[in-house]
Amino acid sequence: MVYCLAHTIISPLGDGSQANWEAVVANRTAMRLYSDRFESVEPFYASLFEERQDFVSLCVRCAEQVVKEAAIDASARDVVFVLSTTKGDELDLLSPAQAVARCFGNSNAPIVVSNACTSGVCAQITAMRLLESGVYRHAVVIGCDVQSRFIVSGFQSFKALSDEACRPFDAERRGLNLGEAAAAMVWSCDARGEWCLESGSIHNDANHISGPSRTGEGAWRCLADVLAGCEVSDIALLCVHGTATLYNDEMEAIAIHRAGLEGVPICALKGYYGHTMGAAGVLETIVAMKAVEEGTVPAAKGYATCGTTYGMNIAPTNRCVQGGKIIKMLSGFGGTNAAIRLSCG
Amino acid sequence: MRISHEIEITPESVLLDGRSLALEGTGECLLTELYRRYVGDYPKFYKMDTLSRLGFVASELLLQREMEDEGCVRFAPRADRAVIMANRSASIKNDRDYEATISGDTYYPSPALFVYTLPNIVTGEIAIRNHYMAETAFYILETPARLEPIVASTFAANPALQSAIAGWCECSEANRYYAKIQIIWKN
Numbered sequence: 001m002v003y004c005l006a007h008t009i010i011s012p013l014g015d016g017s018q019a020n021w022e023a024v025v026a027n028r029t030a031m032r033l034y035s036d037r038f039e040s041v042e043p044f045y046a047s048l049f050e051e052r053q054d055f056v057s058l059c060v061r062c063a064e065q066v067v068k069e070a071a072i073d074a075s076a077r078d079v080v081f082v083l084s085t086t087k088g089d090e091l092d093l094l095s096p097a098q099a100v101a102r103c104f105g106n107s108n109a110p111i112v113v114s115n116a117c118t119s120g121v122c123a124q125i126t127a128m129r130l131l132e133s134g135v136y137r138h139a140v141v142i143g144c145d146v147q148s149r150f151i152v153s154g155f156q157s158f159k160a161l162s163d164e165a166c167r168p169f170d171a172e173r174r175g176l177n178l179g180e181a182a183a184a185m186v187w188s189c190d191a192r193g194e195w196c197l198e199s200g201s202i203h204n205d206a207n208h209i210s211g212p213s214r215t216g217e218g219a220w221r222c223l224a225d226v227l228a229g230c231e232v233s234d235i236a237l238l239c240v241h242g243t244a245t246l247y248n249d250e251m252e253a254i255a256i257h258r259a260g261l262e263g264v265p266i267c268a269l270k271g272y273y274g275h276t277m278g279a280a281g282v283l284e285t286i287v288a289m290k291a292v293e294e295g296t297v298p299a300a301k302g303y304a305t306c307g308t309t310y311g312m313n314i315a316p317t318n319r320c321v322q323g324g325k326i327i328k329m330l331s332g333f334g335g336t337n338a339a340i341r342l343s344c345g
Numbered sequence: 346m347r348i349s350h351e352i353e354i355t356p357e358s359v360l361l362d363g364r365s366l367a368l369e370g371t372g373e374c375l376l377t378e379l380y381r382r383y384v385g386d387y388p389k390f391y392k393m394d395t396l397s398r399l400g401f402v403a404s405e406l407l408l409q410r411e412m413e414d415e416g417c418v419r420f421a422p423r424a425d426r427a428v429i430m431a432n433r434s435a436s437i438k439n440d441r442d443y444e445a446t447i448s449g450d451t452y453y454p455s456p457a458l459f460v461y462t463l464p465n466i467v468t469g470e471i472a473i474r475n476h477y478m479a480e481t482a483f484y485i486l487e488t489p490a491r492l493e494p495i496v497a498s499t500f501a502a503n504p505a506l507q508s509a510i511a512g513w514c515e516c517s518e519a520n521r522y523y524a525k526i527q528i529i530w531k532n
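These protein sequence lines are chains A and B, in that order. Start counting the first sequence at 1; every next residue gets the next number (our numbering). Start counting the second sequence at 346; every next residue gets the next number (our numbering).
If you're looking for bench data, these hints aren't it; they were derived computationally from the structure. All figures in this text were calculated on a predicted structure; none of them were measured in a lab. Just to be clear, a hint being listed does not mean it is correct.
[Said to hold, decoys possible] Part of the chain B face toward chain A, derived, beta carbon under 10 angstroms: (1) H350; (2) T355; (3) P356; (4) S358; (5) D362; (6) G385; (7) S397; (8) V418; (9) S434; (10) Y453; (11) F459; (12) T462; (13) L486; (14) T488; (15) S498; (16) Q507.
[Unchecked claim] Derived lysine-lysine pairs resembling DSS-like cross-links, with alpha carbons at most 30 angstroms apart: (17) K389(B) / K159(A); (18) K159(A) / K392(B); (19) K531(B) / K392(B); (20) K525(B) / K392(B); (21) K68(A) / K290(A).
[To be verified] To be clear about the criterion: a stretch of chain B counts as covered by chain A if any three or more of its residues have a C-beta under 8 angstroms from a C-beta of chain A, and this derived list gives those stretches: (22) 421-433; (23) 472-482; (24) 489-496.
Just so you know, even glycine gets a beta-carbon here, dropped at the ideal spot from N, CA and C.
So that you can see chain B by itself, here it is in the shape it has in the complex (with noise of 0.2 angstroms):
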């Protein structure tokens, strides 16, 4: 397997290709600047839970990065790319801020909050916003390199499918979270 672009993105920081972006915001206000500087014109973002937006935009950073240095077109529909990804506390963020819609003296709960208690969700959004129509599949693991025997498995198992996003993405609350995640090639 092959790496072509990697990215690690951090309440703090993010590191395109080994590369520091400049930041002025932290923590959830980070994300959003990503989106605002970097995307901008997918205002499903906003209806993201944190755990869906932080994969979103490492997705989208590193898919630019790959249109800039390859010279690929996005957005076409394909069923080569598989979307796999990895973390230790599934949706607990999300299943939180949902739990209190439902708690105490409070009965509000939302489908819109109800649909971000699955942590897959976030590989539905890349997959939606790119039109991958090859796998898309979320693990619960003990360690980010845990999934490295699954990404290959994978591979191995589907002829078809050439490359992945793939990698850890990991949201235990607002401010705390951690990716890092890479577009794998089976070559």
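Pulled out of the complex, with its shape left as it was, chain A reads as follows (with noise of 0.2 angstroms):
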């Protein structure tokens, strides 16, 4: 069990995760049609930052909110630094991830997780388990990506992007929007979080590099394994992947049924930031962390009617919740799948 000393998010909804929650508690969004950003030969619905942002320097100012906050010694042999991204800075993963420690003066090497769209979730659980195994004290976790026309062209090759607003889990869904964000987290050996994180899993679909298991294998293997040592009443959000492709939610929605969490209320985010890709899995997270502590859970925005097999305790308006526990999932290509189950008090 690790323990969440601080979170920040930067996003184009604001900067901060108050300023964040304000935005999406209050159904705002920045996603919206770009013509020909990135040179698209098509027009796009995204989330972007207004002006092009430097991939280390988004990175660096998450972590310094985080270091500052937690009152940590960044630099110390005991802190360690866990990058999620999926294309990094221009492709190279690496360097931004040196860069960052360096700015800290932290010299241990960092690392960086790249589990596809995973990798945010598969962050937060490769801290803990090097915290838990006594190899580091601290990790700053930060989860980072920006768009791109590399990114873009090659979602639109894939037929994946909406050529509308997201709609996740609604029966007139047609794709996902792409977005960009960068959030950041402590995680810490030292009890002195509310929210600890208490288990996390991983599991292969071993079905299709870039298709999800139609029966929802590895999601529901990695819910079945989060859920292990507590009920499922004690549960009181499911922040979804809800990419709002045809098969992901389908998928999504088998998968949450297969582990008997069809009547938790599910948090779906994807219509307010859009895919953010390797920031996705600590962002999301940290919007459901807030939406636990200020007992509100914000509407699936893009959703208005079921649309998959499954049904869930989905609705379009804020809603009250109850309960100190959430879990968090997220699917990506090549198969993954990840959950985590995070506590509060």
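Assemble the dimeric complex from its two separately framed chains, guided by the hints.
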């Protein structure tokens, strides 16, 4: 078990976890249509920063906020930097992580987790394991990805992008929207944070490298693992992946049903932020934590009517939430699936 | 942790459990030769990028050796073996190949190429081939030695895991690659 000493988000919705929470609970989004940003051949919907961001600077700004709030010495030998990203700084994933660690005078080799879109949850799991096995005392976990022609064109080639604002789990859903953001957390062995990370699980579907398993095999196993040791009734909310593609959402609903979680309130955030790739697992976990603290599950933005074979407890309006545990789940290319369980208080 | 089998592949040589395999080709051709000579029954190999081919043939040779030595059965679904790999360069070789399809006057982005612009795909290919439903993970690290504490802590955190196909799988160009991959046991 490890404890969260601090967290932050820097996104097109604002600077800081509180600013982001206030935007989400007010149903705001930066999602809009871009006609030719990145010289795209087709218009696309995305949630982007107004100005192009420098990858390393974004990571450093996030890390500065959490290091300060956590009151840790980031240059110490018992601190490790863990970066979650899919495309890094113009295809280089290692150098930006090294640059960030150097900024803080940290001489430990940083770790980059590159497990496709599950990276942000996997990075937290990796941090938890290294802390629990005594290798480090604190981990600064940063999730960051910036959009680019490379990524936009790639998803366009997959015909995975929606031509409108995305609709997670909805009957009319037509694909995902892209997003960019940075988020950071300090996880620690020190028991002085409100939130603790209790368990994590990663499973491969062993089915297909770009499509999810039709039976939600890997996602279900992850959920079953993180439910071990607690009751379904303990779970206040389930923060889903919900990319709004036909296949992902259908698979996810199956996995949720198989795990017995169809009654748990769903927190689906891609309608606010789009798919922020390597940042998603960190950013969305933080928003889910805020939701429990504030007692409100935000509206599943973009959702109107159930479009999956198995229904779930999802709604297009803000709702009251009770309880102190959350599960965050993600899936990604390569057949990867990951989930974590966190507990408050 | 205990290593039961190990393979090292360079563009000129293959060492399996310390013994050299006789080969004619080098570079990309070496990987194709390994596939044809030792595998041959998995045409998806030809869709893979160089990094995935490297990791895939390495795993195939290791698992065949394991089957010969220990008499175990392959291809039965299992959730007690992880696939954990790392490198420095992520998927840079395939990234550059993909970039070429969207640069200059040409624009023909291919989903078949784009999917391999993530380094963890190689772990997925191994999981699919072998029906491994436990953990697959990819890390970008400075050196191969940095993977050991990650593998150790993965074992410590997962009672169900007994072994892993783990190691370094690096490819920066078609004929510049290096893999050192092992079958590692928790006990």
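Hints, one by one, checked against the model:
For H350(B), the shortest C-beta to C-beta distance to chain A is roughly 21 angstroms, which exceeds 10 angstroms, and the interface hint is violated. Interface hint status for T355(B): violated, as the beta-carbon distance to the closest one in chain A is roughly 21 angstroms, over 10 angstroms. Of the supplied interface hints, the one on P356(B) is violated, with its beta-carbon coming no nearer than about 22 angstroms to a beta-carbon of chain A, more than 10 angstroms. Look at S358(B): its Cβ only gets to about 26 angstroms from chain A, farther than 10 angstroms, so that hint breaks.
With a least beta-carbon distance of about 26 angstroms to chain A, the hint placing D362(B) at the interface is violated under the 10 angstroms criterion. With a least beta-carbon distance of about 21 angstroms to chain A, the hint placing G385(B) at the interface is violated under the 10 angstroms criterion. For S397(B), the interface hint holds, since its Cβ comes within 10 angstroms of a Cβ in chain A; the closest pair sits about 9 angstroms apart. A distance limit of 10 angstroms between C-beta atoms decides the matter here; for V418(B) the minimum to chain A is near 16 angstroms, and the interface restraint is violated.
Evaluation of the S434(B) hint against chain A yields a held restraint, the C-beta minimum of about 8 angstroms falling below 10 angstroms. Proximity of Y453(B) to chain A holds as hinted, the smallest CB-CB distance being about 9 angstroms (cut-off 10 angstroms). Given hint, F459(B) at the interface with chain A, holds; its Cβ is 4 angstroms from that chain's nearest Cβ, closer than 10 angstroms. With 10 angstroms as the threshold, the beta carbon of T462(B) comes within range of chain A, its nearest partner Cβ sitting at about 7 angstroms, so the hint holds.
Using the Cβ-Cβ criterion of 10 angstroms, the hint placing L486(B) at the interface with chain A is satisfied: the shortest such distance is roughly 6 angstroms. Hint on T488(B) holds. Least Cβ distance to chain A is approximately 8 angstroms, under the 10 angstroms limit. Evaluation of the S498(B) hint against chain A yields a held restraint, the C-beta minimum of about 4 angstroms falling below 10 angstroms. The restraint placing Q507(B) at the interface with chain A is violated, with a minimum CB-CB distance near 15 angstroms, outside the 10 angstroms limit.
Of the pairs offered as hints, the one joining K389(B) and K159(A) holds, with about 22 angstroms between alpha carbons and a cut-off of 30 angstroms not exceeded. With a CA separation close to 20 angstroms, the supplied pair K159(A) and K392(B) stays within the 30 angstroms bound. Taking the CA atoms of K531(B) and K392(B), the gap is near 33 angstroms; set against the 30 angstroms cutoff, the hint is violated. For the hint pairing K525(B) with K392(B), the CA-to-CA distance comes to about 23 angstroms; that is within 30 angstroms, so the pair holds.
Taking the CA atoms of K68(A) and K290(A), the gap is near 20 angstroms; set against the 30 angstroms cutoff, the hint holds. Counting residues of the segment 421-433 of chain B whose beta carbon lies closer than 8 angstroms to any beta carbon of chain A gives 4, which meets the minimum of three for the stated coverage. Remark: the segment 472-482 of chain B is confirmed as covered by chain A, as 10 of its residues place a Cβ nearer than 8 angstroms to a Cβ of that chain, reaching the required three. Counting residues of the segment 489-496 of chain B whose C-beta lies closer than 8 angstroms to any C-beta of chain A gives 3; at least three are required, and the coverage claim holds.
Consistency with the previously given hints fails for numbers 1, 2, 3, 4, 5, 6, 8, 16 and 19, ordered from lowest to highest.
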